[in-house]
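Chains as they are written, first to last, in the numbering used here: chain D, 1177 to 1606; chain S, 3 to 420.
In case anyone wonders, no lab produced these hints; they're calculated from the structure.
Misleading hints may appear alongside valid ones.
Here are a few chain S residues that face chain D, going by a calculated C-beta distance under 10 angstroms [to be verified]:
#	residue
1	Pro144
2	Lys147
3	Leu175
4	His178
5	Ala344
6	Ala371
Using N, Cα and C, we set each Cβ at its ideal position, and we do this for glycine too.
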Amino acid sequence: MSTSGIRSVKGLDVTSAFNAHQRQWFAELSERSVGGEPIAIVNADAPHEIFRAMDIPYVVVQWWSSVISAKQQAAGCLEALRGAGYPDNNEQYNALGLGEALSMRRGGAGPWGGLPQPSILSGIVTTDGSSKVLQAWSHETGAPCFLFESTVDGRHSIETEWWDSLPWEWGRLVEPARLDLMVAELKELIGLLERTFDRQFSMTRLEEVMALANEQLEYYRKTRDLVATTVPAPVSVVDTMPATMVPQWHRGSVWGRDAAKALFEEVQARADAGTAACPGEQIRLMWLGRGLWASMGLYQYFEREYGAVFVWSMYLALAADGYLRYGEDPLRTLAARFVPLIEVLRMPTWSSSWHAKEATLHQIDGAISLGEEDYFSVRRLESQGVPVLRINANNVDQSTWSEQALITQISQFIEERVRPAAERRRGGWT
Amino acid sequence: MSPRHHDAAVRWASPGSPVAQVIDAEGTHAAPPEAIDVSTPFSGDLETMAAASFDPLGHAARHAGEGRPVVGIIGFDVPHELVVAAGMVPVRLRADPGVDPQRFGDLSAMALDPIATCHLVRLLNGDFDCLDRLIVSHDRGPDAKLFFVLRELGRLGELPERPSVSFLDIRHLPSHATAEYNRTRIGELATLLEEWAGHPFSRSEVVEATALCNANRRLLKSFQSLRTDAQPRFSGVDSLAAIGAALVMDKGEYQATMSRLLAGAEDRSGIDGVRVFASGSGAEDASLYRAIESAGALVVGEDHDFGDRSFEQLVPETDDPLDGIVQAYGGGAPAASWGATAARAEYTTQCAGRSGAEAVLSVLFDHDAALGWDRSAARRALAEVNIPLIEIETPWGAPTEAVEGLVRSFVEGGGGVP
Chain D
1177 MSTSGIRSVK GLDVTSAFNA HQRQWFAELS ERSVGGEPIA IVNADAPHEI FRAMDIPYVV
1237 VQWWSSVISA KQQAAGCLEA LRGAGYPDNN EQYNALGLGE ALSMRRGGAG PWGGLPQPSI
1297 LSGIVTTDGS SKVLQAWSHE TGAPCFLFES TVDGRHSIET EWWDSLPWEW GRLVEPARLD
1357 LMVAELKELI GLLERTFDRQ FSMTRLEEVM ALANEQLEYY RKTRDLVATT VPAPVSVVDT
1417 MPATMVPQWH RGSVWGRDAA KALFEEVQAR ADAGTAACPG EQIRLMWLGR GLWASMGLYQ
1477 YFEREYGAVF VWSMYLALAA DGYLRYGEDP LRTLAARFVP LIEVLRMPTW SSSWHAKEAT
1537 LHQIDGAISL GEEDYFSVRR LESQGVPVLR INANNVDQST WSEQALITQI SQFIEERVRP
1597 AAERRRGGWT
Chain S
3 MSPRHHDAAV RWASPGSPVA QVIDAEGTHA APPEAIDVST PFSGDLETMA AASFDPLGHA
63 ARHAGEGRPV VGIIGFDVPH ELVVAAGMVP VRLRADPGVD PQRFGDLSAM ALDPIATCHL
123 VRLLNGDFDC LDRLIVSHDR GPDAKLFFVL RELGRLGELP ERPSVSFLDI RHLPSHATAE
183 YNRTRIGELA TLLEEWAGHP FSRSEVVEAT ALCNANRRLL KSFQSLRTDA QPRFSGVDSL
243 AAIGAALVMD KGEYQATMSR LLAGAEDRSG IDGVRVFASG SGAEDASLYR AIESAGALVV
303 GEDHDFGDRS FEQLVPETDD PLDGIVQAYG GGAPAASWGA TAARAEYTTQ CAGRSGAEAV
363 LSVLFDHDAA LGWDRSAARR ALAEVNIPLI EIETPWGAPT EAVEGLVRSF VEGGGGVP
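One chain only, chain D, in its complex shape:
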């Protein structure tokens, strides 16, 4: 087991600026909490736009898990869960924040002063365990918990190439009954927030939030396209992961939109100037799965050793393809954003075709998949000549992986399978 955490070197100015902003924002949020303002703690798949439109600050559970993990505090949080009688062997990414709350109760110290006391918790019942984590969190903190149903499209036949049509034609791609349910749930949530926190919901304000969110997401699409088509890549996942994830959780705000714009502009400037994340780029890699937050420098190890650059992660790609929705009715459009969101990543008919498309677009030579449900993606990628290394591990549970073991596995994979594929690709161009 290793908990050393290889540190990364960020290449973009915006990455540092976003992180600084995030610290400042979090400090202000903590102050607002101390001052009695309600704070929401929400899963990444919950419709944040409602909270933003009602000016209820929120912290995203999985982002906070990434902070805990990056600060090498995940093991302590898992230990706190175990000590309180909760599991430490599943739902880790969703439960580190609860573990931190339990740890702080016993005198522990969370990163950045710790997560404020939640006033409400919310998420979608995406797995059998995910809602139970939120219920446990609710029990431990006394905060109410609002859950959204996770519904399934049971049609025999569904379109495979959804990414271009989903933003506009979601009414055709997503079953009406599923949208009806989430719209009704959104209205329930709005009523609950109005009653509990003395806030007034404004549809006009939600329209503004939705418009800003789409502007932000359009910038991600442009950035993704730029990274995909520029060789050598102007930026790697070491920057795009945090530089997408941090503003993503400010989605629908002016700052979020401007941050996405700034990211695009800096990447564009680097591409124009021929500045590369790895000047000697030989190999382009795809990272399937959640970020290795405790060891971001590991991604750059392979740049130095092999000229192998991780150009793709789901963070920027999902922001580019998964969230955009246009429509006249803000609530229904918002529902259309979240009803199918998890299916992009986890429903094989959609995720495997999307991974294949993204690999082609990004000129990928090899993929590393950590802890993913990737059976069909692996088949698709391998069949189109992209070798895949599967690693069975949990990104925030370092009892399941070590840096040295990952370096050994990935190095061997690159040498034996990826480098020949990259040579074929480069050879094909000349």
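Starting from the known structure of chain D, arrange chain S on it as the hints suggest.
For chain S alone, coordinates are given in the frame of chain D:
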């Protein structure tokens, strides 16, 4: 400390073996009884029920051989009433731990659990040929994933021709919006079944099917009362056979069989054993119950899907029969997979108390680790009513000797776990 007083948080583990924990409580019981002779094979009507319950595909093949259309069911949210109204035989499938999960290579990246993997392997192997149709429901997350996998394999042309696969999405949050959604889905299922049957079915056919299924539920309630009687007439293994068969056999045939069994029940001798209540993972097969009862315990109830949950709530006989079906299948007692944590703790405690259990045996198969999030609340709730809780974690299908030893240790009252 009394030998009947179990230490708090005794924990024992070794690689590849179950983990057990006995939670502090004041539970006492009489001198340890002789172990039940679980090697005795079923006989008479119980034998018929056991054959259906533990070999549903064999039973389905029999129906198919008689020329009856058979609908295989994975999950507990599919209303058998509608399948019966359509003139078909619903057969709830069980997973078999003896199936080789590697039969078609390494499928682990599908992220199915062993139960769903077993169903997939059997389907790919052609074992589901006797089924005309297959309906998968969403009461467990892994079963939704199974449907995703089946749909993708179908798209790739890699599924056997039989059976055709459908999905039913019933949700369970206690809201009007969810009920409306479920009403839509149940309506779609009714339409689908009419298509399969080749003709619409009438309201009276649904009412009649509902009445038949409810009659069987009432019989099971009578059965359950004999199981929890001061002198229980049926063991936990018997009960898995009897309860499971209701989900497999033709409903009329089951009614006749169960009626005969109940009529002769007074002649059965009482069964001794330390009364325990099984909680947690579903008993897809009888091996764990056999181990528990071999150790001198008697399983008098359970909160998993192959137990009380399957019969204790009747389907309301509403003006529009689909409304009652929506109420029953969308609501009902909280399941291990989707039930709210607090509701599950309350339900387990109530059922355990009602059955006169001296302890609750909470069994989590490794793939059900998510259910571990409910345990903290269960511990609190059971401690309040002084019912000891024995927690066991074990891989599904693993050898049961260790579980048997743990239960024997409890039964014999040593208070310690090996």
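Okay, the hints, checked on the actual structure:
Interface hint at Pro144 (chain S): satisfied, since its Cβ lies 8 angstroms from the closest Cβ of chain D, which is below the 10 angstroms cut-off. Satisfaction of the interface hint for Lys147 (chain S) is found here, the shortest Cβ-Cβ separation to chain D being roughly 7 angstroms, below the 10 angstroms cut-off. Annotation: Leu175 (chain S) was flagged as interfacial toward chain D, and the flag holds, the nearest CB pair being 6 angstroms apart, inside 10 angstroms. With a cut of 10 angstroms, the hint placing His178 (chain S) at the interface with chain D holds, because the nearest CB-to-CB distance is about 8 angstroms.
Nearest Cβ of chain D to the Cβ of Ala344 (chain S): about 7 angstroms, under the 10 angstroms cut. The hint holds. Annotation: Ala371 (chain S) was flagged as interfacial toward chain D, and the flag holds, the nearest CB pair being 4 angstroms apart, inside 10 angstroms.
The structure agrees with every numbered hint stated previously.
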